[in-house]
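J.: Let chain A serve as the given structure and place chains B and C on it in line with the hints.
Chains as they are written, first to last, in the working numbering: chain A, 135 to 644; chain B, 135 to 644; chain C, 135 to 644.
Among the hints, a few may not be true.
Identical copies go unnamed one by one, so any copy, or any two together, can satisfy a pair.
In silico DSS-like pairs for lysine-lysine, Cα to Cα no more than 25 Å straight-line [stated by the list, open to error]:
(1) Lys306 to Lys553
(2) Lys512 to Lys331
(3) Lys204 to Lys246
(4) Lys486 to Lys580
(5) Lys616 to Lys570
(6) Lys542 to Lys306
For the record, the hints were derived by calculation from the structure and aren't laboratory data.
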Amino acid sequence: MKKGSYIFVVFLFAIFVVIRLGDAQAQPKISEATEACLSCHGALHPGIVAEWRKSRHANVLPSEALKKTKLERRISNEKVPDPFSKTVVGCAECHTMNSEKHKDAFEHNGYKVHIVVTPSDCSTCHPVEVQQYGKNLMSQAYGNLMNNPVYRALADEVNGIKSFERMKIASKSPDEETNLDSCLYCHGSEMKVKGKKSRNTSMGEMEFPVLSGWPNQGVGRLNPDGSKGSCTACHTRHQFSIEMARRPYTCSECHKGPDVPAYGVYEVSKHGNIHSALGKGWNFNSVPWTVGKDFTAPTCATCHVSLMINENKEVIAERTHQMSDRIPWRLMGLIYSHPHPKSPDTSVIKNKAGLPLPTELTGEPVVPYLIDSKEQEKRKTTMQKVCLSCHSQGWVDGQWDRFENTLKTTNEMTLTATKILLTAWEKGAAKGLAQKDSLFNEAIEKKWVEQWLFFANSTRYASAMAGADYGVFANGRWYLNKNVQEMLDWLEFKLLSLPEKKGKEKERSK
Amino acid sequence: MKKGSYIFVVFLFAIFVVIRLGDAQAQPKISEATEACLSCHGALHPGIVAEWRKSRHANVLPSEALKKTKLERRISNEKVPDPFSKTVVGCAECHTMNSEKHKDAFEHNGYKVHIVVTPSDCSTCHPVEVQQYGKNLMSQAYGNLMNNPVYRALADEVNGIKSFERMKIASKSPDEETNLDSCLYCHGSEMKVKGKKSRNTSMGEMEFPVLSGWPNQGVGRLNPDGSKGSCTACHTRHQFSIEMARRPYTCSECHKGPDVPAYGVYEVSKHGNIHSALGKGWNFNSVPWTVGKDFTAPTCATCHVSLMINENKEVIAERTHQMSDRIPWRLMGLIYSHPHPKSPDTSVIKNKAGLPLPTELTGEPVVPYLIDSKEQEKRKTTMQKVCLSCHSQGWVDGQWDRFENTLKTTNEMTLTATKILLTAWEKGAAKGLAQKDSLFNEAIEKKWVEQWLFFANSTRYASAMAGADYGVFANGRWYLNKNVQEMLDWLEFKLLSLPEKKGKEKERSK
Amino acid sequence: MKKGSYIFVVFLFAIFVVIRLGDAQAQPKISEATEACLSCHGALHPGIVAEWRKSRHANVLPSEALKKTKLERRISNEKVPDPFSKTVVGCAECHTMNSEKHKDAFEHNGYKVHIVVTPSDCSTCHPVEVQQYGKNLMSQAYGNLMNNPVYRALADEVNGIKSFERMKIASKSPDEETNLDSCLYCHGSEMKVKGKKSRNTSMGEMEFPVLSGWPNQGVGRLNPDGSKGSCTACHTRHQFSIEMARRPYTCSECHKGPDVPAYGVYEVSKHGNIHSALGKGWNFNSVPWTVGKDFTAPTCATCHVSLMINENKEVIAERTHQMSDRIPWRLMGLIYSHPHPKSPDTSVIKNKAGLPLPTELTGEPVVPYLIDSKEQEKRKTTMQKVCLSCHSQGWVDGQWDRFENTLKTTNEMTLTATKILLTAWEKGAAKGLAQKDSLFNEAIEKKWVEQWLFFANSTRYASAMAGADYGVFANGRWYLNKNVQEMLDWLEFKLLSLPEKKGKEKERSK
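So here's chain A without its partners, still in its complex pose (with noise of 0.2 Å):
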C-alpha cells in the first residue's frame, strides 16, 4: 500500500473517531440517584447494565421523545412529571417510581428501591398502554386460572403430585414452587413480601425483602404495589427493545405447548417462513411501522399489536395493547371456541349448569357473558384491514370462511368427544360431576381434555393463521379423530370389567 493511501485511510478514520466523539459527548444526562445505582451495579451486574445502556431508555430524554409527531412518538403520556423528563430514564427512574405505593419498597444506600417494576411505574410515560392492556385478557391471567374452580382444578391435576399404594393413585394439592415453575410462569404469580434477609454483599452486610413469587415476568402477575401484569414479559428487561417484542420468538415464550401452539403454526406459515428467510433484513424498529418499507410479512405483533401504517402515512391499524379489539372469537383455552368474552375477567362467567364457563358442557354459547355478532363484525373489520394491505377482499373472504368453518367442525368434534365422557359418568365408568369427583384425574378424562385443549386447538390456530401442516397430523385433525376412538375403546374395555372388577377388587386389596 503507498504511504498517501494510508494518509488518507488515516484522515477517514480521524472524521469518524470525531463523529463518534460528538456522539458521545451528546449522551444525554443521567440522573444523580441512577448513576449511584450504576456506581455499584455496573460491576456487580455488567450484562444487565450493558443491555440497558443499548436502551432508547438511556439513550433518549423524555422530553425529546415527546417532541415526536404523535404517529412517532413511544410515549402515550402528553407531558411527562418534571424531575423524569430531564433525565434519561434510568434504573432510579423506575426502581424508585412510586415507592410509597410498593410493598416490596427498602432501604437501599439512602434510597428507597422496589423490586418489581410495575404496569403502574411504566403509564407515568405510557399510560395509554397500560389501560389498554388492562382490557387485555391476559392482565387477568392469574386469577382467570387460579380463581376458576374448574381451571384450579385442572392445574392442580396438572401440577399436583400423585402416590400409589393399594392399588390406588392418591393425589396432593401441588406446591407453591411448583405452581410457580409451571402454569404460574407464564399466567403470572401472587408477589408478597414474605419477610427480610440480610446478606454479605461487596458492600458489606444489607437488608433485602424477600418476595414469594419472584422471580416471574408472567402477563397477569399480583404486583406488590396492587397492579396487574408485567410489561416485560414481551418488553424485555433491560434493552426494552421494540425489536424484541415485534419478533416473534418473544410470544413463543408461553405460545408454542400443544395447548397454545400458535408460533409453532407460525413457523410452518408462509408468512413465518418470510419472517425466517427474509426478516433478517426488515426494520424493526421504526415507529410507525410501515407495511411493505419496513417488512413484507406479518409478525404475531402485526396482526395483534402494532401500529402499522402505509408509505402515504395512513393507518391500517391502530397500536392496541388490548389485543381482543382485533379478535372476534376465542379460540384457545377453552372446551369449545366462542365469541370473545366481554370482560377480561372471565371469573365472573357462569353457565346455565352452574359452572364457571363461557359454554354450556355441550358447547351452547353463555351468550350474556360474550360479545355479540355486531361487536365480532367490528373487530373483525379492524383485523381484515391488516390482511388486505397485502391479500385481495376475495383471498381474505375465502381464508376466514375456511377458518369459521374449522372453529365449527373443531367445536363438532370435541362435542362428539365430550358426549363419550358423559357416557362414561353415566354408566359409572368414570366419576365426574354428578360424583363431585375432578373432571380431569381419569385416562378418559384426560383423554377428554387433550381434544380440545391440544387438538382442536392445534386445528383452529393452524386455520387462523394458514399454517395448515400443524392442523393435519402435527397435533390436529388426525388426533381429534384417532383421540374419540381411544376414548371409546377405553370405555368399552371399562365397562367390560366392572361387575368383574369390583368382586376382584376386594380380593387384590387384601
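T.: The following block gives chains B and C in isolation, referenced to the frame of chain A:
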C-alpha cells in the same frame, strides 16, 4: 465536530445521493398496463406491491436477463415474446398472460385479468423448469391423493367429522372447506369458477369471479387454465426471491409434520446447524450457486434442486425441478419405502391384490411401476456428486450403506405391525379389507398408520439426512417398537372381550 | 452522476483494492505437505477446502497465536512443537499428526495420512481442553451406554427388530449399522480398520482403509489411535468456527429430542428468545467473551463452557471443557436425578441391588459414587457467578429453589410410576428383574421409561433453564400425571385378563 469535517461528510453524502439518483434513473420500463394496476393497487395493497418492487421481476428487463451466460441465466427460454421482453415483469404481464385460457379471467378496468397465475403463464420465460416440474411427483399431488381410493379413505378419516350415539361412532365425509384447510393446503386445490360477486370498492361497484379452492398455493393445484401446480408454493409471491426458495424454511411449510419431518430432521443435522449458525453470511442469490464460495453447507435446495458449480465453474449438479432424478428411493408417504415410481401420476399403480399401492400390503414392490436398479444407480450417482463436493467417497459410502440398511429395517418394523393388523382382521377384532371396511377407522388401524406414516418415515428421514436425534426418541425407533407392543396389547384386550361383548352389546344399546 | 464524482468513487475503490491486496500478501505460510493436499482436494472437495480457508487455522500462524495475552489465547499449550508453529494448521498438519499411533493411517501420495483426527492430535495445541474433556461424562459416552448392561438393554429395545408370529412378538438384536444410525451417532462409534479397498480415482487406482463406524463425530467416539471423543462434534469441521460452537444450534444436534430437550427448552426461555431476536448482532468470535459487550443473553456455551469476563477484564467464569465442574446435579439420562457422579466413567457404578445405576430403583442415591454436598455447593457457586452477571442474588436464589424443588417432585412422580411397575412385576402382569426379562420390552415398561426419560427430564430442563412452557403441556407435568394413570389402567386391564388369557391362549395359538 469541526466545521471542516462536516463539510467533508456532507460531500460524501452528496456523492451517495447522486449515485442513488443515477440508479433510480436507470429503473427499467414498466408497461402501461402494469402502471394502471399500480395506480390503484399500490395504495390498496401496499405490502404486496412493495414486495414486488424488491424483486428481479421489477428491476431487470427480460431482454437484459437473456444476455447472461448460460450458467448465469435465470430465464430458460431462448427468446421471450416481444411485448414482454421490453418492460419489466409486472402485475399485468402475469395476470393478463394467456387470459383466453383462463376461466378465472374477468373484465377489470378495461383489462382482461385473471386471478391465478399458473405454471403455464410462468413458462413464457421459464419453460424448462415448468416442463421438469411436470415430471415431479408434486405436480400430481392433488390426483395422487384424491383419485387414489386408499389414500382418499385416509384423508376422509383425517378430515371427516365423527358423531357418537348409542355407543357407536359414526363418520361423516369431510366438507370441502375442511379438505382445503387440511390436506389440500399442501397438495393443492381444484380451482373452479363458482360464480360472480359484486363488491363495493373505492372505485365503485365492481364484479369479481368467485373461485372454489381459493386461496391456495398447493404444489399440485388444478388451475383454472387446465395446468397443474403452483410455482409460488416455493417461489413466494411477489418478491419471488431465490433466497427464499433456497432457504429451508420454505420447504418446512409442508415438510415438517410427523408424516414428513424433513425440516425437523434438517434442523438437528450437522448441515442444518451449520446453516443456522453461519448461514446468515451466505450468498443465497447468486446463480449459479458456488459451493464453498456462496455457502458451506447444503440446504434442501442444494441437494434436491439447484444448479451447483465449483469455483472453476464446473457443474457439480444440474438444476432440476423434477427432483426425482436425484432420488432413487421413495421414503415417505407410503406404507413401505420402495424404488421411486416411474410416473409422477401414481394413481395408475395397482398391486397384485388390486390396491392402488406401489407395494403389496406385505411390502413386496410392484415392480412394473417402479424404476429399476440401473435407474436407481444413476440417480444415486447424481445425488452423490453433491455429497462429494464436501465429503470423501468413504464417508459417502458409509452414510449411504447406513441409510439403505435403515430402509430395510424400517420396512421390517412396518411388516411386523401389518401382520398384527392382518391378524386382528382375521380374528374379527377389527374390520378390514375383507369386510370392505375402511382401512383407517379403528384404533389398531390408526396405530398401524402411525407405524409407517410417522415412525418409519421419521426414522428414514433421520437416516437420509443424518439428523439422528430425530430417528431415536423423537418419533423414531423408540415408537416403532413401542407401537408394535401396544398394537398387540390392544388386540389381546379386544379378543378377550369379543364373546362377552356381543352378549352385553344388546343390553347396553337398549 | 458528474464526472468528478466518478473519479472520486474510482479513487475510493482503488484504495480498497490496495488494502485488500495488502491483506492478501500477508497470507501466512502453508506447509508444502498441505499444498500437496490442496492441489487435488481443492478441486475434489471444494466445499470443505473453502470452509477451511475461512478458518483461523488457515489464517493465523501458531507462533503468532501464542503471542496473545493469556485471556485472549486460543492455544493452551505454552509452546507448539517446531514444524507446526511456522505454517498454518492445514490438512497435513492434522491428518498426518502422530500417524504412528493411528491404525487408520495409510500411504497416500507419499504421505502417511490418517482419516480420523482425534483429541490426541488436537492436544498438540490445545492440551488443557483435551485434558478437561477427559473428565467430561461425554468423553465416556460410548462405554457408559454400551458397557452398562441396563442401558445396553434399553438401546437394544430401541434399535432391535421385532417380528410377529402366533400372537407373540420376538426380538432380534440390532445390527451394527442401526446402532450407528441411532444411539451411536451422538454417543460415538467404535472405530476399527476393517480392511482395505481399492478405488478408481482421478489420480488412478488408489487404496484406502475401510473403517467400521465411519462416518461418526460422536462425543465419546473410540478412535483408531486409542483416544476417546471427537472435538468436531462441536467444533465443526473444517472452519472450526468458535461462533458455531457457541451458537445453541450445535448443541441441538444431540440435545433436542424428548429424552434431552435442552435446545427445545432454551428456545422458549427468555434467554433463548433474546438470542433469537437480537443475537444476530452479537460478537460470537471474541476470546475472551465479554458479557454485555459481546452478548446480552447466554447461549449453552456461556453457562456451560466459555471463558467469560466483564468489561474490566475480570474473569466471571473460567473456560471448562469438563463442564460438570459447573453442574451439581445430574438431571437427565437416568431414572432419578441425583448428585453428579464422581467419575465420568459411570459403568463402574453398582447400586445395592447390584444394578449399574447411580440410584436404587426406588430412588435412593448410591452415595459412594456421587459427589458430596460440599462439592455440589462449590459447583453451584461456580455456575451462579454466571447467573449473577445479569441477575440479583434474590432472583438467582428464587430460581434455584424452584429448580431443586422440581428435582424432588419429578423424582416423586418417577417413584410412583416405579411402584406401579413393581406391582405389575409382582402380580405377574409383566416380567421384570425377578424373571430375568428385559426391563424395557413390555408396554407398561415402556411407559415407565417415558416417565423418567421423557417427562421427568423435560420438566427438569424446563425448570433449570426457565423455559416453563416445555414443563407443563409439552412433554412435561401433564404427561407425568397422565402416564401414571394410564399405567394403572393397563395394569388393571391386564390383571383382569390374566386367568382367562391363559386358557384362551392355547386355543388361539393353534
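J.: All the hints need checking, so say for each whether the structure fits it.
T.: Hint by hint, here is what the structure shows:
1. Lys306 to Lys553: Result: close only across copies, 17 Å inter versus 29 Å intra.
2. Lys512 to Lys331: Answer is between; shortest inter-copy Cα gap is 22 Å, intra-copy 53 Å.
3. Lys204 to Lys246: Neither way: Lys204 and Lys246 sit 35 Å apart in one copy and 43 Å across, limit 25 Å.
4. Lys486 to Lys580: within (24 Å within a copy, 38 Å between copies)
5. Lys616 to Lys570: Classified as between; 20 Å across copies, 29 Å inside a copy.
6. Lys542 to Lys306: between (38 Å within a copy, 14 Å between copies)
The structure is inconsistent with hint 3 alone, although it conforms to all the rest.
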